[in-house]
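Chemist: Residue numbers (my numbering), protein chains in the order written: chain A, 1 to 255; chain B, 1 to 578; chain C, 1 to 365.
Rather than coming from a laboratory, the hints here were simulated on the basis of the structure.
Note that this is a predicted model, so its numbers are computed, not measured.
Treat the hints with caution; some may be incorrect.
Claimed, not checked - Chain C stretches covered by chain A per the calculated footprint, using a threshold of three residues with CB under 8 Å from any CB of chain A:
(1) 48 to 57
(2) 99 to 106
As the list claims (entries may be wrong) - Every beta carbon over 12 Å from chain A, so not counted as near; a handful from chain C, in silico:
(3) Glu67
(4) Pro84
(5) Asp113
(6) Ala144
(7) Asp197
(8) Pro213
(9) Ala214
(10) Val258
Note that CB positions come from ideal geometry on N, CA and C, so glycine has one too.
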Amino acid sequence: MILRQIWAVYKRELGLYFRSPIAYAVAFALLLLFGLIFSSNVSQLNNRAPADNLNFIPSLLTFLMFLVGPLMTMRLLAEENREGTIELLMTLPMSETAFIVGKFFAVWTYYSVVLGLTLVYYLVLTTIGVPDHGRALGVYLGAWLYGGTVLAVTMIWSAITEDQIVAAFLGAATVLVLYLADLAAQFVNNLSFTENPEFITGLANGIRELGLTAHYNSTMFVGVIRAEDIAYFIFMIIAALFITTRIVETRRWRA
Amino acid sequence: MTTNPETPVNPENEPFIPPNILLGLAALGLTVALFVRLTQPQFGVIGWGTLAFTVLALAAWAVLAPEQAREFMRGRALRFGGVSVFVTVLVLAVLVVSYGFIKDRGWRADLTESEEFTLTEDARAAMRVVANDPNVPPMRILAFYGGDQADRRDQDTVLFEDYIEAATSDAGVAKLSYQFVDPDRNPTQVELYGVLPGQLVVVEINPDGTENIENKQVVDPNAAQFGGPDFQTSLTNAILRVGASGDFRAYFLSVQDGLELDDEGDEGLSIIRDSLVDRFGWNVQQLTAVQLSGPQSTVTLNDPAADGEVLIVPGGSEALRDSDLQTIIDYVDAGGNLIIFADLGAENDGESLATAENMGRWLWDAFGVRFSQEVVLDQSLSLQTPIQPASVEFSDSNYITASFGGQDAVVFFAPHALEIADTLPTNVSVTELAFSSDQAYSKTLEELLNEEINPTDSDPTGRFVLALVAENSATGARVVLFGSTNLASNGWAQASSLGVRNIDMAFNAIVWVTGFNDFFVEQIPRVEESFDPQDAPFAATQQEIRNINVLTLLVLPFGVLLIGVLVWWFSRERAQPA
Amino acid sequence: MIEVRNLVKKYGEVTAVRGISFDAKPGQVTGFLGPNGAGKTTTMRMLTGFMPPTSGKATVAGYDVFEQSMEVRKRVGYLPESVPLYRDMTARNYLMYMGEIRGLKNVRAKADDVLERVGLTRRAQSRIRTLSKGMRQRVGLAQALLHDPQVLILDEPTIGLDPIQVLEIRDVVRQLGRDHTLLFSTHILSEAEQVCDNLVIINQGQIVAEGSPAQLRAELERGGRVLVRAEGPVEQMIAAVSAIPTVAHAEAAVEGVVVTPRDANVDPRPEIAQVVVQNGWRLVELRPLAVNLEEIFLELTRQVAPAAEEASERADADGGEGGDEAGEGAREDGAREDGAREDGAREDGAREDGAREREDEEAKS
Numbered sequence: 001m002i003l004r005q006i007w008a009v010y011k012r013e014l015g016l017y018f019r020s021p022i023a024y025a026v027a028f029a030l031l032l033l034f035g036l037i038f039s040s041n042v043s044q045l046n047n048r049a050p051a052d053n054l055n056f057i058p059s060l061l062t063f064l065m066f067l068v069g070p071l072m073t074m075r076l077l078a079e080e081n082r083e084g085t086i087e088l089l090m091t092l093p094m095s096e097t098a099f100i101v102g103k104f105f106a107v108w109t110y111y112s113v114v115l116g117l118t119l120v121y122y123l124v125l126t127t128i129g130v131p132d133h134g135r136a137l138g139v140y141l142g143a144w145l146y147g148g149t150v151l152a153v154t155m156i157w158s159a160i161t162e163d164q165i166v167a168a169f170l171g172a173a174t175v176l177v178l179y180l181a182d183l184a185a186q187f188v189n190n191l192s193f194t195e196n197p198e199f200i201t202g203l204a205n206g207i208r209e210l211g212l213t214a215h216y217n218s219t220m221f222v223g224v225i226r227a228e229d230i231a232y233f234i235f236m237i238i239a240a241l242f243i244t245t246r247i248v249e250t251r252r253w254r255a
Numbered sequence: 001m002t003t004n005p006e007t008p009v010n011p012e013n014e015p016f017i018p019p020n021i022l023l024g025l026a027a028l029g030l031t032v033a034l035f036v037r038l039t040q041p042q043f044g045v046i047g048w049g050t051l052a053f054t055v056l057a058l059a060a061w062a063v064l065a066p067e068q069a070r071e072f073m074r075g076r077a078l079r080f081g082g083v084s085v086f087v088t089v090l091v092l093a094v095l096v097v098s099y100g101f102i103k104d105r106g107w108r109a110d111l112t113e114s115e116e117f118t119l120t121e122d123a124r125a126a127m128r129v130v131a132n133d134p135n136v137p138p139m140r141i142l143a144f145y146g147g148d149q150a151d152r153r154d155q156d157t158v159l160f161e162d163y164i165e166a167a168t169s170d171a172g173v174a175k176l177s178y179q180f181v182d183p184d185r186n187p188t189q190v191e192l193y194g195v196l197p198g199q200l201v202v203v204e205i206n207p208d209g210t211e212n213i214e215n216k217q218v219v220d221p222n223a224a225q226f227g228g229p230d231f232q233t234s235l236t237n238a239i240l241r242v243g244a245s246g247d248f249r250a251y252f253l254s255v256q257d258g259l260e261l262d263d264e265g266d267e268g269l270s271i272i273r274d275s276l277v278d279r280f281g282w283n284v285q286q287l288t289a290v291q292l293s294g295p296q297s298t299v300t301l302n303d304p305a306a307d308g309e310v311l312i313v314p315g316g317s318e319a320l321r322d323s324d325l326q327t328i329i330d331y332v333d334a335g336g337n338l339i340i341f342a343d344l345g346a347e348n349d350g351e352s353l354a355t356a357e358n359m360g361r362w363l364w365d366a367f368g369v370r371f372s373q374e375v376v377l378d379q380s381l382s383l384q385t386p387i388q389p390a391s392v393e394f395s396d397s398n399y400i401t402a403s404f405g406g407q408d409a410v411v412f413f414a415p416h417a418l419e420i421a422d423t424l425p426t427n428v429s430v431t432e433l434a435f436s437s438d439q440a441y442s443k444t445l446e447e448l449l450n451e452e453i454n455p456t457d458s459d460p461t462g463r464f465v466l467a468l469v470a471e472n473s474a475t476g477a478r479v480v481l482f483g484s485t486n487l488a489s490n491g492w493a494q495a496s497s498l499g500v501r502n503i504d505m506a507f508n509a510i511v512w513v514t515g516f517n518d519f520f521v522e523q524i525p526r527v528e529e530s531f532d533p534q535d536a537p538f539a540a541t542q543q544e545i546r547n548i549n550v551l552t553l554l555v556l557p558f559g560v561l562l563i564g565v566l567v568w569w570f571s572r573e574r575a576q577p578a
Numbered sequence: 001m002i003e004v005r006n007l008v009k010k011y012g013e014v015t016a017v018r019g020i021s022f023d024a025k026p027g028q029v030t031g032f033l034g035p036n037g038a039g040k041t042t043t044m045r046m047l048t049g050f051m052p053p054t055s056g057k058a059t060v061a062g063y064d065v066f067e068q069s070m071e072v073r074k075r076v077g078y079l080p081e082s083v084p085l086y087r088d089m090t091a092r093n094y095l096m097y098m099g100e101i102r103g104l105k106n107v108r109a110k111a112d113d114v115l116e117r118v119g120l121t122r123r124a125q126s127r128i129r130t131l132s133k134g135m136r137q138r139v140g141l142a143q144a145l146l147h148d149p150q151v152l153i154l155d156e157p158t159i160g161l162d163p164i165q166v167l168e169i170r171d172v173v174r175q176l177g178r179d180h181t182l183l184f185s186t187h188i189l190s191e192a193e194q195v196c197d198n199l200v201i202i203n204q205g206q207i208v209a210e211g212s213p214a215q216l217r218a219e220l221e222r223g224g225r226v227l228v229r230a231e232g233p234v235e236q237m238i239a240a241v242s243a244i245p246t247v248a249h250a251e252a253a254v255e256g257v258v259v260t261p262r263d264a265n266v267d268p269r270p271e272i273a274q275v276v277v278q279n280g281w282r283l284v285e286l287r288p289l290a291v292n293l294e295e296i297f298l299e300l301t302r303q304v305a306p307a308a309e310e311a312s313e314r315a316d317a318d319g320g321e322g323g324d325e326a327g328e329g330a331r332e333d334g335a336r337e338d339g340a341r342e343d344g345a346r347e348d349g350a351r352e353d354g355a356r357e358r359e360d361e362e363a364k365s
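The following block holds chain A by itself, in its conformation from the complex (with noise of 0.2 Å):
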């Protein structure tokens, strides 16, 4: 029943980010940045570098998504608050959870499509030089929980405002807080505390494992897999979709 409901409203927000004009722009900027920047470097290293240096388009997505993950997402709940909508969604025999976990999988299954073209750049590189396929393996699949995790984090704030605008640049902040958490982690573990160092530095390494770029940018995206980067990754879209549908209960219980 629950999946019936999930699959529902999965189809239905789907179908309307691959009818929406806006989707397909988005998707053009970024793979005409992407090719940009991938056809300069292929020109420029060239017999110089391994193949794999080129594989960082991922990367490069994960990046970007402070942007492209709030733009994605701002309108899911937003405008179903605006409009209404979920005033009818939420007296119907359905759980919060199912509503949100199907536009949740609508979203990321967008994104995936926007990561899975990112594959052709790869296929390139087959062709030119020998990548490591493993090491693929790690970037790709990184990107592809980093990005969810963007994803359902930038959802909380589509839940809290009606306003699509506020929801994105609120979730942009928030993307680019959990990205810079490595630099503010540096910045703590500089601190000139001697009486208590190992406070400072076990206060730097929490801060730094809240961060995104700690579970990607150093161990998947180099190839190598670890089970707490996976574990950090699920239990943030967890825990970031646990949140929203508690907004959206607490929404409707104030309304």
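Given chain A's structure and the hints, the job is docking chains B and C onto it.
Modeler: Relative to chain A, chains B and C alone:
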């Protein structure tokens, strides 16, 4: 929350502290406690304090707002009301704890085909030796990675774990451990070990668990960028070196026209020196005979404290003075080890240290062997010219050549043949290591200097011994004699990839005479860099680059745009008839 | 079919519904009548499971709206006041989507079926954004009927429609009332009078009157209040009239003195006339008061009007959507009191609403 309008709440009955704030405090306490648990080495006062605070806040909440607490149990407030914030925090806490649990398991995998973060087979074999050799002390890798090198820390953890697993003996005792040291926080350690941030140190661990700073090796992970070995090779060698850290000493004798230890040219010994010093941490010096035994001597020969000792005579075109020879004789008689590379003697009217009368007499008396005056040439088995006869047959009973296979060769340069007495002195055994082919012939040095290198009928022919070992089982002395000096010189090291094992033979001789091979129970595995196809640069022709440009700049983005326009157009068409 | 007992809903400090109780029976149209901001929408949202009650109990089709929310939702068809629809879907796709979420089988056949029932078969393939307001209202109604629910809850289904559409919808509601339990909210009295079998009048979150339109009227007439107009000093007149044994209470009003009898079955008029004449005042008029529902409604809702304004101010200060809505309701409260006397004027207002919404849409697209 559940009061009915019939019984309005008297404001004076409201709790002094709003219950929701108490819940918020409890959530905050729980968050802090979790954070402490996950990031700090000890749970400590803060951890227990915040945990107790959480419990207190919850208890106060239950006392002050019993209705809410009841509602919480019933489930209504679980989803609605201020409690839902607390429930959310609780769910997050469960996730964080699960994350910590998974992190502690430390499950990792190296996906790369080139196995960048996995030990190579060579390194794994070397670590197995380290693990199971009782003589190898436990060691620790200290990685001086700062806060800005957290990425490296994550990546290298994978590799270090692999090292530790490989260096764990069959009995389950780990010989290796690792530790990250923040150089900014521990400047004293940095100074103590003399490292730069970003470098690593492999250090021996004393039986009492302290670090033996005397026995350490610094590893620079960036060496590969400057043409050095890759990170894994450097680290493996450093571990071997610290692990093999017996007190081994090699003394090279300074002689007229002999090879120089610090010479990095083709005729130098720097490769041998670096192998011994950098890889195995030997004490290697080049000394004159006076420095060896004179009143100002800086070394002690036959030192019982040393785990192994060798005296190497790298050529020499003049006979040793009798007093100097006597030093050597005393040393060998007391069980010392000697390696002699014979100089051709072309510089000094055919005279050479090895073929000199005093040297020959002593060798003949003590070990029943000596260098002949004749020089071996070979037309059938040689490298380019008859004066470079090669040996492809080796003794497989002695360690020095036991590992040489059918494809391996050793090339000599105008070697003096070795003569062996029919009856050896008592307690002495001799093993022939390398031979010329049966078609080799010998000439006197004089003939050779007159550039008569083709065989004549008067030349003795046959199979000549070009290298041998002699061992006195009573004194324990070991002597290795090589017919020419070029075995140890740098110039021949480059040929090793062609199967020319000159430098390996010299090196193995040093290892064998000192018993270093027994010190490491097994033969030390050769750790070489691996080269993967993934490391090769990609190559695209101009046509391919043009094709790539068309594909990535036009086909892909504009294709997507076209599909978008089509989709938009058709959905617009369908909307119209309505 | 719908049983409400002591239902309370608070938004923070503001209490929107203050412990109401009523029943709605199968085969009847129960009208939920009250000014905007009275708590109608809040009550309906609680009954449909959209929001949980703060306290009290309500059962729909035998299931508790909070504890067994999913069971209730399966059996209820709900048309929210704003008729939220996905504008970019066709009417049929929208209904099929709703059907899929409800877990129905043969969603396509069911969608076509309800479209026929609301007379929209011709527009099944049209995108909802191209439909008129009345058609959208019918799509919303079709959605509520899709799963053939036992209980229908329609929140102001006629708001914003033109008079002809209003008549159509009222017709549909009457028909549906025959075989459903139908709860129907409105702030238009004449509509409630025409359509409902049973009326619940709510104001300020409290039920002020309940019963069939005829019952309510009879009850009031039975109350037998009497208006006395005479030429004389009002103070003395009140004192004199109050002294009559059958009179319970007398008070001054704009037109004269309003007299409430002690026993509704005993008409005090002869005694009043007598007293007036005895005192030498000239009797101008002596008649029973308030015989139509309009006046009952006004009477009942006016009494608490000052309190309502206070509440709305607090709701405004509360911020958020809830506050806004309550505030809007209160603001319209005044307008309603003026317009309530004339149905036509109110429907002008409703048309204005519609026009405003259309403008909104244009601005959006």
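Chemist: Take the hints in turn and mark each one as holding or not.
Modeler: Against the structure, the hints come out as follows:
Requiring three or more residues with a Cβ within less than 8 Å of a Cβ of chain A, the coverage given for the segment 48 to 57 of chain C holds, as 5 such residues are present. Restraint check on the segment 99 to 106 of chain C versus chain A: 4 residues with Cβ-Cβ distances below 8 Å, three needed, restraint holds. Against the 12 Å criterion, C:Glu67 stays outside the reach of chain A, whose nearest CB is about 14 Å from its own CB. Chain A draws C:Pro84 into its interface by the beta-carbon criterion, the shortest separation being 4 Å against a cut-off of 12 Å.
The non-interface label for C:Asp113 is consistent with chain A: the shortest C-beta to C-beta separation is roughly 19 Å, beyond 12 Å. For C:Ala144, the shortest C-beta to C-beta distance to chain A comes to about 9 Å, within the 12 Å cut-off, and the non-interface label is violated. With a cut of 12 Å on Cβ distances, C:Asp197 stays outside the contact zone with chain A, its closest approach being about 24 Å. The claim that C:Pro213 lies off the interface holds: its Cβ sits roughly 29 Å from the closest Cβ of chain A, which is beyond the 12 Å cut-off.
The Cβ of C:Ala214 lies farther than 12 Å from every Cβ of chain A, with a closest approach of about 33 Å, so its non-interface assignment holds. Distance check on C:Val258: its Cβ is at least 42 Å (rounded) from any Cβ of chain A, clearing the 12 Å threshold; non-interface status holds.
Checked against the numbered hints given earlier, this structure breaks hints 4 and 6; the rest are met.
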